[in-house]
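Colleague: So the protein sequences, as listed, match chains A and B.
Residue 357 in full-length UniProt numbering sits at position 357 of the first sequence, and the numbers go up by one each step.
Residue 202 in full-length UniProt numbering sits at position 202 of the second sequence, and the numbers go up by one each step.
Note that these hints are calculated values from the structure, not bench results.
Think of the CB as a built atom: it goes at the ideal place given N, C-alpha and C, for glycine as much as any other residue.
Some hints could be false.
Only pairs whose alpha carbons sit at most 30 Å apart, straight line, appear in this in silico DSSO-like list of lysine-lysine [claimed, not checked]:
#1 B/Lys-181 <-> B/Lys-57
#2 A/Lys-173 <-> A/Lys-101
#3 A/Lys-386 <-> B/Lys-389
#4 B/Lys-192 <-> B/Lys-57
#5 B/Lys-128 <-> B/Lys-405
#6 B/Lys-57 <-> A/Lys-385
#7 A/Lys-230 <-> A/Lys-20
#8 A/Lys-20 <-> A/Lys-349
#9 B/Lys-435 <-> A/Lys-405
#10 B/Lys-405 <-> B/Lys-435
#11 A/Lys-171 <-> A/Lys-101
#12 B/Lys-102 <-> B/Lys-58
#13 A/Lys-386 <-> B/Lys-58
#14 B/Lys-102 <-> B/Lys-181
#15 A/Lys-349 <-> B/Lys-58
#16 B/Lys-313 <-> A/Lys-405
#17 B/Lys-128 <-> B/Lys-389
#18 A/Lys-453 <-> A/Lys-333
#19 B/Lys-313 <-> B/Lys-165
#20 B/Lys-405 <-> A/Lys-349
#21 B/Lys-58 <-> A/Lys-385
#22 A/Lys-349 <-> A/Lys-385
#23 B/Lys-57 <-> A/Lys-405
#24 B/Lys-200 <-> B/Lys-234
#25 B/Lys-192 <-> A/Lys-242
#26 B/Lys-128 <-> A/Lys-386
#27 A/Lys-340 <-> A/Lys-171
#28 B/Lys-128 <-> B/Lys-192
#29 A/Lys-328 <-> A/Lys-20
#30 A/Lys-101 <-> A/Lys-175
#31 A/Lys-386 <-> B/Lys-234
#32 B/Lys-102 <-> A/Lys-405
#33 B/Lys-57 <-> A/Lys-349
#34 B/Lys-405 <-> A/Lys-405
#35 B/Lys-381 <-> A/Lys-385
Computed far set for chain A versus chain B, every beta-carbon distance over 10 Å [stated by the list, open to error]:
#36 Gln-9
#37 Glu-172
#38 Lys-328
#39 Lys-333
#40 Gly-352
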Amino acid sequence: MPDMSRTTQPDLSINFAGIKSPNPFWLASAPPTNSGEQIMRAFDAGWGGAVWKTIGEPITNVSSRYSSIDWNGQRMMGFNNIELISDRPLEDNLREITEVKKRYPSNAVVVSLMVESRREAWHTIVQQAEDAGADGLELNFGCPHGMSERGMGSAVGQVPEYAEMITAWVKEKAKTPVIIKLTPNITDIRSVARAAKGGGADALSAINTINSITGIDLNTFIPAPNVGGKSSHGGYCGPAVKPIALNMVHQVMSDPEAALPISGIGGIGTWRDAVEFILLGAGTVQVCTAAMHYGYRIVEDMIDGLQTWMTEKHFAGIEAFRGLSIPKVTSWKHLDLNYKIVAHINEQKCIGCDLCYTACWDGAHQCIHLDRVSGPVNGHVELHKKPADIQNETRSSIAVTPIPKLDPPKSAQEPYPTPLARIPRVDETECVGCNLCSLVCPVEDCITMVEVKTGLHPESWDERTTTTLTGKN
Amino acid sequence: MHDLPQQNAEIARRFPDLHPPFASQAAVIEANRCLNCFDAPCTAACPTHIDVPRFIKKIASGNLRGSALSILDANVLAASCSRVCPVQVLCEGACVMHRYNKQPIAIGRLQRYSMDAFHSSHGTLPRKSLEEHPQRIACLGAGPASLAAAAELRQRGYQVTVFDKRPQPGGLNTYGVAEYKLPLPDSLREIKLIEDLGVKFRFGVEIGRDIALEDIGQQFDYIFLGVGLGEMHKLDIPGGDHPAVIDALEFIANYKTGRTTGVQGDVVVIGAGNTAIDAANASTRLGAKRVTILYRRTQAHISAFDFEYEHAKDEGVAFHWLTQPVAVNSSNGKLTSIECTRMDIANDGTLHPVANSNFRVDCDIVIPAIGQSPLVEFLSKLSNVRIEKGRVLVDRATGQTSNPKYFAGGDCINGGREVVDAVADGKRAGIAIAKALEAAHA
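Go ahead and model the full structure; you've got the sequences and the hints to work with.
Modeller: As structure tokens, then:
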């Protein structure tokens, strides 16, 4: 058991490029931060900061504007929107920003901005936001729909030169930290990050939503969301995008020319997600879809879970673990070619679904077999029945309903809870250690990947090819 | 059978669904719980080998028609099986989820969901071959075994006629299954699909009385025996022939066909098999004051499934173990009580009455459920068909009897098993007959 006796709670407060917040959990610029009333309720629920839904020249939205994809009965694994920036009058937003800052001085209020690409327009909006009391500014260079067609949003974020220019304009005027929100809809996210840094940005946030079409109604052929019989590509977010966001955050943070304080965004719904982003260097995290799905209340467990985890790991503050995983990601060419693992099936835990068997035969390297006869047998066997043969045998067998009086139950229990014939056997000499079986196994800790000592020194592809080229050992 | 009878309203009220159908979202969530095992144990455990993961994954993907057709491909009486199968000891009993400390997948209810959708969309059974063949096959009996054999053969284009002495097809499915499992119209609705395939039905025809066995032998190329079992055993004790002593199958058939809609007074059921449980549960639902099951051995010896026994207890049925009825007492033409004696089981398993242990159980109706007798007399008339202990001997894989022209399946070969076993027998026999016909005309 970890030592939980420490009386002092770990400190969750952060100073992000000069913006202070009682915890790293911010609401992202989106519907949950559309008004002062909402943001004040969010702060009451525990959110450390909020990025005000992008202000600029108010726009007209369409309906409908959200769609989502479900997976195996779970709602909203991926979420999509074609909503634009704030459709409320600028003056209302500015007045409410002042109101929120007055009532919640210790929470971070960052204002997201987007205006047409003119220097004066940017100077004006920066002045207005800061006069209203913003703790920082986030430039929306990411919105992939609607605004981009007007030369804003991702139309800026996809062109490093524009991004650098507008960042520089804003920096001429801004007194508060300037955060550039990056779009993932670009070949290499580092190029815009570098441009933002070149333009003088204080920080970055990543990622904005990803261009997407969530799905198409198979009766009407109209993609979602349906706006009077037509649709448009929207911005994808939610749990489905987290792996993409993590990679992009890592790309930026491992690039010295791009790295700045970064606010991680993309599929964060729990403290675990947040920890992952922080381990890759994020200084704060921004949440939207999870709050839209379940409401502001989700932050309670985010704070509680993070605090508990930090206590267990003896991290006194966020900075203590921020970025620890960055060096653990490297190029493929630096991975050890001599590291070998093989699958190991725990016979006591195996329930006999044989998903690993079929996955290995069809989806991997044909090294799991159903020819176990007694006890754990491992070794190279050349001849195996193919999956179809096994299935055909079963289908041609005759089964009857067991009747208690006529068919007494078999009393002899085999050594494992599952009949041996259904417990697959790994041929370790053939196993390539790909993980597939352990990934498809529905039982926790039933298939584990165990290291096999090869007796060889670690050697990467880079080292091996260099050795070959130089002829040295 | 063109106008399907409606369920009697009073019976419908007294026998609501034992396992209500899934709502569609619940079905999809349940379907997604299925792991999709390789060579799935549930499929192996099903006598008809329905490809369970296949039909379940089709529910998950919204391919309900495909799901139903996958099921019907293996089991043409899939709707009734989904309701009457003892899934706890078949597919769901084999589910690997048991070893994961989890509830097995609700396979029976998912199958019902799929079949209900098929029926409500007015689905029809597909043909397995569009060719028409002149050869004729007679199926004797219109129970599950015959229906399965008939459907299998008709789907391949053979001319099939089914004979039954009752006015409706389905055998025990229609007349002998507890109403809260399978209402009579639902049994008939399913059989209508087989009729729509072009299978001919001749009802009210008793072989040997209305048509000679020899005539059938001459008119048909092959004969499938799906005749089931005969009368239930009589309660062979003094007073056992009283009119208020009514055997369980007749009792069940009476309320299913609406001839009985209520029961008054105390009921005693004799025997502890699944039919006894059905009759006892039906008695409670039909309004009996008190229902008691008498069994001469103990709970450990009953042939009813455990879940059936538990269900009967839930319905309020009382059990008297080690109790043997010895006489039925009546007064003024009305039953008053049943005289019983206590039994003792010796170490060698034999039963002995305990001296001076007689006691009476008050009752107004006695329902013996002590098994069905084989159709010995009828079976003895079949030439060259070997019979042993009242059962027709067959090759299990094909259902062929010692007379190559006769095939058989269901209760007449197994002495009394589940509906799904009869369906499996009939299907195998149907395939084997079709193969024999193909071989003969190749």
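Colleague: It remains to establish, for every hint, whether it holds in the given structure.
Modeller: Tested hints:
no. : hint                    : verdict
1   : B/Lys-181 <-> B/Lys-57  : holds (25 Å)
2   : A/Lys-173 <-> A/Lys-101 : holds (21 Å)
3   : A/Lys-386 <-> B/Lys-389 : violated (43 Å)
4   : B/Lys-192 <-> B/Lys-57  : holds (28 Å)
5   : B/Lys-128 <-> B/Lys-405 : holds (23 Å)
6   : B/Lys-57 <-> A/Lys-385  : holds (26 Å)
7   : A/Lys-230 <-> A/Lys-20  : violated (44 Å)
8   : A/Lys-20 <-> A/Lys-349  : violated (49 Å)
9   : B/Lys-435 <-> A/Lys-405 : violated (35 Å)
10  : B/Lys-405 <-> B/Lys-435 : holds (13 Å)
11  : A/Lys-171 <-> A/Lys-101 : holds (22 Å)
12  : B/Lys-102 <-> B/Lys-58  : holds (22 Å)
13  : A/Lys-386 <-> B/Lys-58  : holds (25 Å)
14  : B/Lys-102 <-> B/Lys-181 : holds (25 Å)
15  : A/Lys-349 <-> B/Lys-58  : holds (29 Å)
16  : B/Lys-313 <-> A/Lys-405 : holds (20 Å)
17  : B/Lys-128 <-> B/Lys-389 : violated (37 Å)
18  : A/Lys-453 <-> A/Lys-333 : holds (21 Å)
19  : B/Lys-313 <-> B/Lys-165 : violated (36 Å)
20  : B/Lys-405 <-> A/Lys-349 : violated (51 Å)
21  : B/Lys-58 <-> A/Lys-385  : holds (28 Å)
22  : A/Lys-349 <-> A/Lys-385 : holds (24 Å)
23  : B/Lys-57 <-> A/Lys-405  : violated (35 Å)
24  : B/Lys-200 <-> B/Lys-234 : violated (34 Å)
25  : B/Lys-192 <-> A/Lys-242 : violated (54 Å)
26  : B/Lys-128 <-> A/Lys-386 : holds (28 Å)
27  : A/Lys-340 <-> A/Lys-171 : violated (52 Å)
28  : B/Lys-128 <-> B/Lys-192 : holds (18 Å)
29  : A/Lys-328 <-> A/Lys-20  : holds (29 Å)
30  : A/Lys-101 <-> A/Lys-175 : holds (17 Å)
31  : A/Lys-386 <-> B/Lys-234 : violated (55 Å)
32  : B/Lys-102 <-> A/Lys-405 : holds (28 Å)
33  : B/Lys-57 <-> A/Lys-349  : holds (25 Å)
34  : B/Lys-405 <-> A/Lys-405 : violated (33 Å)
35  : B/Lys-381 <-> A/Lys-385 : violated (48 Å)
36  : Gln-9                   : holds (36 Å)
37  : Glu-172                 : holds (55 Å)
38  : Lys-328                 : holds (33 Å)
39  : Lys-333                 : holds (37 Å)
40  : Gly-352                 : violated (5 Å)
Of the numbered hints stated above, those contradicted by the structure are hints 3, 7, 8, 9, 17, 19, 20, 23, 24, 25, 27, 31, 34, 35, 40, listed in ascending order.
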